[in-house]
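Protein chains: 6
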Amino acid sequence: MTASQSSNSDSRDLRPVRIERGYTKYAEGSVLMSTGDTKIICTASVEDGVPYFLRGEDQGWLTAEYSLLPRSTQDRTTRAAARGKRSGRTREIQRLIGRSLRAVIDLEAMDERTIWIDCDVIQADGGTRTASITGGFVALYDSVDYMMEEGIVSENPLKEFTAATSVGIVDEDYVLDLCYEEDSSADVDMNVVMTESGKFIEIQGAAEESPYTRSDLDKMLELAEDGIQGLIDAQKRALELI
Amino acid sequence: MTASQSSNSDSRDLRPVRIERGYTKYAEGSVLMSTGDTKIICTASVEDGVPYFLRGEDQGWLTAEYSLLPRSTQDRTTRAAARGKRSGRTREIQRLIGRSLRAVIDLEAMDERTIWIDCDVIQADGGTRTASITGGFVALYDSVDYMMEEGIVSENPLKEFTAATSVGIVDEDYVLDLCYEEDSSADVDMNVVMTESGKFIEIQGAAEESPYTRSDLDKMLELAEDGIQGLIDAQKRALELI
Amino acid sequence: MTASQSSNSDSRDLRPVRIERGYTKYAEGSVLMSTGDTKIICTASVEDGVPYFLRGEDQGWLTAEYSLLPRSTQDRTTRAAARGKRSGRTREIQRLIGRSLRAVIDLEAMDERTIWIDCDVIQADGGTRTASITGGFVALYDSVDYMMEEGIVSENPLKEFTAATSVGIVDEDYVLDLCYEEDSSADVDMNVVMTESGKFIEIQGAAEESPYTRSDLDKMLELAEDGIQGLIDAQKRALELI
Amino acid sequence: MTASQSSNSDSRDLRPVRIERGYTKYAEGSVLMSTGDTKIICTASVEDGVPYFLRGEDQGWLTAEYSLLPRSTQDRTTRAAARGKRSGRTREIQRLIGRSLRAVIDLEAMDERTIWIDCDVIQADGGTRTASITGGFVALYDSVDYMMEEGIVSENPLKEFTAATSVGIVDEDYVLDLCYEEDSSADVDMNVVMTESGKFIEIQGAAEESPYTRSDLDKMLELAEDGIQGLIDAQKRALELI
Amino acid sequence: MTASQSSNSDSRDLRPVRIERGYTKYAEGSVLMSTGDTKIICTASVEDGVPYFLRGEDQGWLTAEYSLLPRSTQDRTTRAAARGKRSGRTREIQRLIGRSLRAVIDLEAMDERTIWIDCDVIQADGGTRTASITGGFVALYDSVDYMMEEGIVSENPLKEFTAATSVGIVDEDYVLDLCYEEDSSADVDMNVVMTESGKFIEIQGAAEESPYTRSDLDKMLELAEDGIQGLIDAQKRALELI
Amino acid sequence: MTASQSSNSDSRDLRPVRIERGYTKYAEGSVLMSTGDTKIICTASVEDGVPYFLRGEDQGWLTAEYSLLPRSTQDRTTRAAARGKRSGRTREIQRLIGRSLRAVIDLEAMDERTIWIDCDVIQADGGTRTASITGGFVALYDSVDYMMEEGIVSENPLKEFTAATSVGIVDEDYVLDLCYEEDSSADVDMNVVMTESGKFIEIQGAAEESPYTRSDLDKMLELAEDGIQGLIDAQKRALELI
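Residue numbers (our numbering), protein chains in the order written: chain A, 48 to 289; chain B, 48 to 289; chain C, 48 to 289; chain D, 48 to 289; chain E, 48 to 289; chain F, 48 to 289.
Please note that the accuracy of each hint is not assured.
If chains are identical, the list can't say which one is meant, so a pair holds when it fits in one copy or spans any two.
Claimed, not checked - DSBU-like mimics (lysine-lysine), calculated; alpha carbons at most 30 Å apart, straight line:
hint, residue 1, residue 2
1, Lys-132, Lys-206
2, Lys-132, Lys-283
3, Lys-266, Lys-283
4, Lys-266, Lys-246
5, Lys-266, Lys-72
6, Lys-266, Lys-132
7, Lys-246, Lys-72
8, Lys-206, Lys-266
9, Lys-72, Lys-283
10, Lys-283, Lys-206
11, Lys-132, Lys-72
In short, the hints are calculated from the structure, not lab data.
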């Protein structure tokens with residue numbers, strides 16, 4: 048139930064990937080996703096009904112929530128529940144995860160049903176939002192299997208595999224799958240979500256201080272594409288499809 | 048104090064732009080930014096002091112807030128104050144505006160001082176986040192002038208002009224500066240923030256349902272670059288620099 | 048679409064009034080109300096349905112919301128959304144606006160329908176609550192016209208014109224329509240809402256430090272009555288009724 | 048320690064008043080204020096320090112809080128703590144109480160010290176806000192005595208007695224000190240706060256549906272003045288000053 | 048309507064108990080409960096309907112709310128409404144009160160009906176949570192009587208009398224019914240809720256710093272049992288049953 | 048680093064225990080605590096400073112936070128952050144964990160330093176609050192070791208080992224260490240926290256519907272004592288002390 052890819056310290060390689068399915072017993076899909084020292088519990092939960100704005104539309108919904116355990120980080124992070132609200136960063140990340148996974152599922156083939164993707168980071172060493180998408184897809188895949196087996200849906204609503212990674216420019220070097228230390232000193236930080244067929248679901252590239260050129264963009268996108276194909280291989284091995 | 052660009056209904060052109068400075072009297076910079084039917088009051092306010100996380104770092108800060116007036120939209124939008132919190136969308140937009148404008152200002156040349164960019168949308172017809180950046184930059188420019196005149200800063204901290212626009216794919220056509228109706232039916236929606244020298248500060252391109260190819264990306268970026276040069280011209284005319 | 052009244056610096060006169068209709072395009076009524084340097088966007092929005100406490104009562108409702116743009120004031124005001132709640136002052140003002148306008152509309156002639164009056168202050172130089180009532184009435188008038196034209200209501204539910212102004216005692220002098228500076232140094236500050244027929248809807252007169260006599264009260268009410276008749280003239284000119 | 052005034056069912060008379068001092072043992076002033084079936088625990092608490100906006104101004108502050116016990120009303124009222132915020136009505140009332148009592152105390156004679164007036168309604172039968180002022184003044188008086196005895200202040204900061212009552216028009220009749228049933232059916236409802244010397248601290252007169260004339264106003268103010276003199280007598284008897 | 052038990056200063060005796068029924072006029076049950084200087088208004092309110100999680104289960108519900116008046120304590124306590132939420136302590140106490148009273152009522156004999164027990168502490172000198180249970184039971188008893196008389200329920204749902212008290216170890220001495228001063232210096236503090244037939248509904252015994260032995264536990268439970276029988280006698284006298 | 052105890056299906060035995068230290072890398076103490084199917088990540092974080100109420104008291108503090116991952120439960124639980132506040136149950140549990148662990152640590156030997164115990168339940172099958180105490184103690188032990196090694200404290204502030212378990216009455220049978228199914232149908236549910244020397248830190252025993260006798264209490268406490276000694280053995284094996 049577990050796929051690994053051997054570690055490689057070259058900055059243009061992915062960090063070691065490990066995808067452990069069946070991590071907890073109640074969720075319809077439950078994955079412990081690791082990339083380097085980043086570790087995230089991704090679960091998929093299937094519920095009847097859809098949010099208010101979709102009632103009567105005869106389609107399903109997929110939404111994501113993201114959270115850091117307080118001591119997943121170097122210094123303890125205050126819980127959102129203690130502050131009484133989620134930070135802007137948290138909301139932005141969960142919107143990205145939801146949007147990315149909705150792009151590869153046919154919501155109309157799900158009837159009025161909601162899939163919750165919960166991504167709880169237990170150790171954060173950079174790339175938590177992209178690892179949430181990569182791991183979340185595997186949990187989603189398992190929950191779709193569950194729905195097929197139970198006869199909840201009659202045809203598979205998944206359209207394609209998808210995975211995500213980060214690329215950036217650190218000390219004038221292009222870097223794939225940035226760890227926290229690299230991310231902190233990056234001049235440019237870009238998250239890329241792609242499908243197995245090589246199409247973009249989302250590109251988010253922000254210059255921290257020094258804006259980047261068109262040529263930088265091209266090189267980063269090539270690197271991201273390679274990385275994402277490697278991640279999709281890892282997803283398939285974990286799912287015992289290859 | 049006002050710059051306009053003649054209207055053009057071709058979908059690959061910008062909508063008519065109008066930048067009216069000195070719109071309200073108390074703010075250090077105050078602009079009514081219009082692009083098509085989208086109208087936003089952008090103000091820049093200079094305050095002493097910096098947020099907690101920067102105290103003692105001997106640098107300044109720039110932050111943005113964004114809000115829709117309830118009846119800026121087709122149907123009335125509930126106020127954030129009535130809900131008791133800002134939506135995820137609002138937080139995501141204000142983070143983008145802040146990040147984009149911080150990329151063209153030298154925070155270390157500002158001492159411990161904060162510039163607030165407030166973007167209050169009075170009429171929303173698509174592209175409010177990018178128009179907030181374009182108009183917000185002009186308000187920022189005026190507030191920097193104020194600081195120079197008052198001797199609050201000794202050298203100009205602005206590094207370059209910046210503006211932003213949206214591009215997308217609607218009915219298999221590439222479209223620049225999407226209005227609300229185009230945006231609602233777009234397959235791909237991309238926001239691009241660039242500097243006058245043609246570098247990217249931010250690219251955010253999301254596929255709503257159909258992922259997009261590399262060639263789509265290239266064509267959208269070209270369109271965005273043309274649009275942004277047009278917007279920077281409009282900013283300069285409003286500032287009476289050309 | 049615009050009514051002005053020539054400026055007059057005498058403290059017992061109204062400040063220059065300007066009422067600009069059709070200010071934004073989506074609302075059923077939309078007015079830019081100015082009195083002196085105070086400027087407020089007042090919109091009226093018509094929605095089906097009524098609040099919970101009126102369901103099944105076969106009558107309509109009118110409610111108001113009031114907000115200051117952060118830089119409508121000399122120093123930047125924190126947004127209610129950032130604090131997570133509205134201040135006591137804001138709630139008190141929106142209750143006053145709602146109560147005042149409900150007094151001149153026959154709610155039973157509206158069926159189960161709600162009119163929202165949104166008053167967003169873009170520049171605050173005193174008298175924002177009374178100017179919200181005066182401008183809000185014009186937006187309400189236009190929204191009622193819209194409902195009549197669309198056949199939403201069969202008879203006009205408006206009973207009378209209404210407007211509001213402030214009066215006070217500043218340095219032992221009676222003052223009409225106080226600007227911010229006068230208001231700050233006033234010993235007594237009174238808001239008066241009257242109908243065209245000279246009846247009171249609301250009187251709110253508070254001594255800041257020195258309680259006032261019955262004779263002071265009488266003189267302030269006379270001054271208010273004159274001012275309100277001037278404001279109702281301005282409303283009618285803006286509505287092209289005179 | 049208790050003052051009563053014999054009951055009288057004439058609508059132009061006060062309801063029976065009862066002011067019981069020393070109701071609870073910890074507060075510096077603690078009063079059970081009754082007017083008819085309205086019963087309120089009013090306490091005055093003296094604390095060192097002033098709110099943020101007054102620090103370093105070398106003056107004191109007085110502020111009020113008001114709350115209904117859930118079952119003080121005919122039907123159970125939800126607690127503000129359960130809703131997570133106070134209603135607009137509550138905030139408006141506590142601002143009125145604070146403003147009224149601040150008008151009769153010399154804040155500069157108190158050093159940097161805050162007096163909290165807490166008004167907790169245990170039985171609500173109309174007129175709770177005015178009874179809070181009348182009873183709150185007695186608690187305040189006792190807390191000032193405490194400060195004098197303890198040498199916390201050297202001279203008495205109280206300037207005058209004050210009390211408050213309501214007047215209104217019910218079924219075309221002028222009514223003093225409205226109970227809940229009268230208040231519910233009143234066409235006009237006015238709260239008046241006066242000093243012993245006959246000056247107004249606050250007048251708040253709102254027409255529920257039918258605006259009122261100048262002559263109505265005059266008659267209501269006369270009735271209020273009589274009532275308030277009766278209440279000040281009751282305060283003095285409770286304080287054993289007459 | 049009132050039951051007292053003569054005071055006794057021995058630390059192994061209850062403090063003087065006073066239970067005054069009919070304290071306020073609107074609630075179906077309304078009691079002023081005093082034990083020593085602790086005074087609590089306990090009301091029982093009967094409402095139609097049950098919370099969401101019980102709808103359609105054909106049974107009733109009983110829930111409790113607890114609150115301190117700000118100046119019920121030595122120093123003024125901030126209102127939960129001002130903080131926007133209830134403290135952990137408050138929530139823990141109201142859960143205990145609700146649980147304890149639900150244990151002696153047959154919810155299935157109440158149809159879909161909710162009884163709210165509101166416990167508002169007006170003077171707090173230790174033991175407020177246990178006095179809330181003892182006094183709340185009497186209010187509950189009266190509200191059940193009301194339901195019987197009105198024919199709202201056909202058979203009495205109460206199963207047994209219940210009361211509660213505290214016991215503890217202070218300076219190596221076993222103490223019953225701790226006042227605030229004793230509670231503050233106690234090494235062990237235990238709350239015990241028992242029925243008339245001598246069974247436990249709840250035991251909560253916490254060591255503040257020094258864990259306690261089994262023999263300590265036994266002695267404290269004996270003391271509690273005696274105290275609770277005394278309290279049940281006081282309840283019955285107040286209810287005029289003995 | 049891991050201690051297990053062989054499974055035993057007898058209801059008077061503990062479920063299999065597994066304590067895995069060093070589970071995440073940033074926290075000063077980090078444990079994956081399992082008892083049966085209940086799994087909790089317990090971390091201990093050491094921070095400089097103490098909460099406001101202890102400043103200047105020259106002592107340390109220990110506090111706990113507790114949270115369920117949304118899909119740790121059979122049905123998905125809404126996040127506290129989505130509701131904007133923690134439930135009463137959560138607050139009650141974290142107060143219990145904090146109180147229990149503070150009873151075995153000498154806060155005065157820690158200087159002004161705070162230890163946070165975070166208990167994040169990843170799989171909930173009953174007994175999460177007691178397992179949080181048992182696992183939290185091991186994380187605390189490791190964080191104290193860290194402070195000793197770093198020279199942050201000079202002497203070991205831990206006074207004794209402590210662990211906790213639940214006991215109850217299910218179908219007239221005494222049961223130790225209840226799983227969710229047993230807990231749901233229990234007539235009595237009791238949590239017991241004891242030290243190695245056999246003293247009680249906390250007893251919380253609640254009857255769900257049927258109050259329990261003194262003899263029931265005695266039998267449950269014996270069972271609890273046996274279980275806790277077994278858990279302390281498991282803690283020591285995990286810490287490699289036996």
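Going down the list of hints, with the structure as the test:
For the homomeric pair Lys-132 and Lys-206, neither the shortest alpha-carbon distance inside one copy (34 Å) nor that between copies (36 Å) is at most 30 Å. Taking identical chains as interchangeable, the C-alpha atoms of Lys-132 and Lys-283 are never at most 30 Å apart, the minima being 37 Å within one chain and 39 Å between chains. Proximity of Lys-266 and Lys-283 under a CA criterion of 30 Å is satisfied intra-copy only: 27 Å inside one chain copy versus 33 Å between copies. In the homo-oligomer, the alpha carbons of Lys-266 and Lys-246 lie at most 30 Å apart both inside one protomer (16 Å) and across protomers (15 Å), since each shortest distance falls under that limit.
Taking the shortest alpha-carbon separations for Lys-266 and Lys-72, neither the intra-copy value of 42 Å nor the inter-copy value of 34 Å comes in at or below 30 Å. Taking the closest pair of Cα atoms, Lys-266 and Lys-132 never come within 30 Å of each other, the shortest separation being 38 Å inside a single copy and 40 Å across copies. In this assembly of identical chains, Lys-246 and Lys-72 lie within 30 Å of each other by CA distance neither inside one copy nor across copies; the values are 34 Å within and 36 Å between. Both within a single protomer and between protomers do Lys-206 and Lys-266 lie at most 30 Å apart by alpha-carbon distance, with minima of 28 Å and 26 Å respectively.
Taking identical chains as interchangeable, the C-alpha atoms of Lys-72 and Lys-283 lie at most 30 Å apart whether they share a chain (21 Å) or sit on different chains (28 Å). Proximity of Lys-283 and Lys-206 under a CA criterion of 30 Å is satisfied intra-copy only: 15 Å inside one chain copy versus 47 Å between copies. When the C-alpha separation of Lys-132 and Lys-72 is checked against a cutoff of 30 Å, the pair qualifies both within a copy, at 29 Å, and between copies, at 27 Å.
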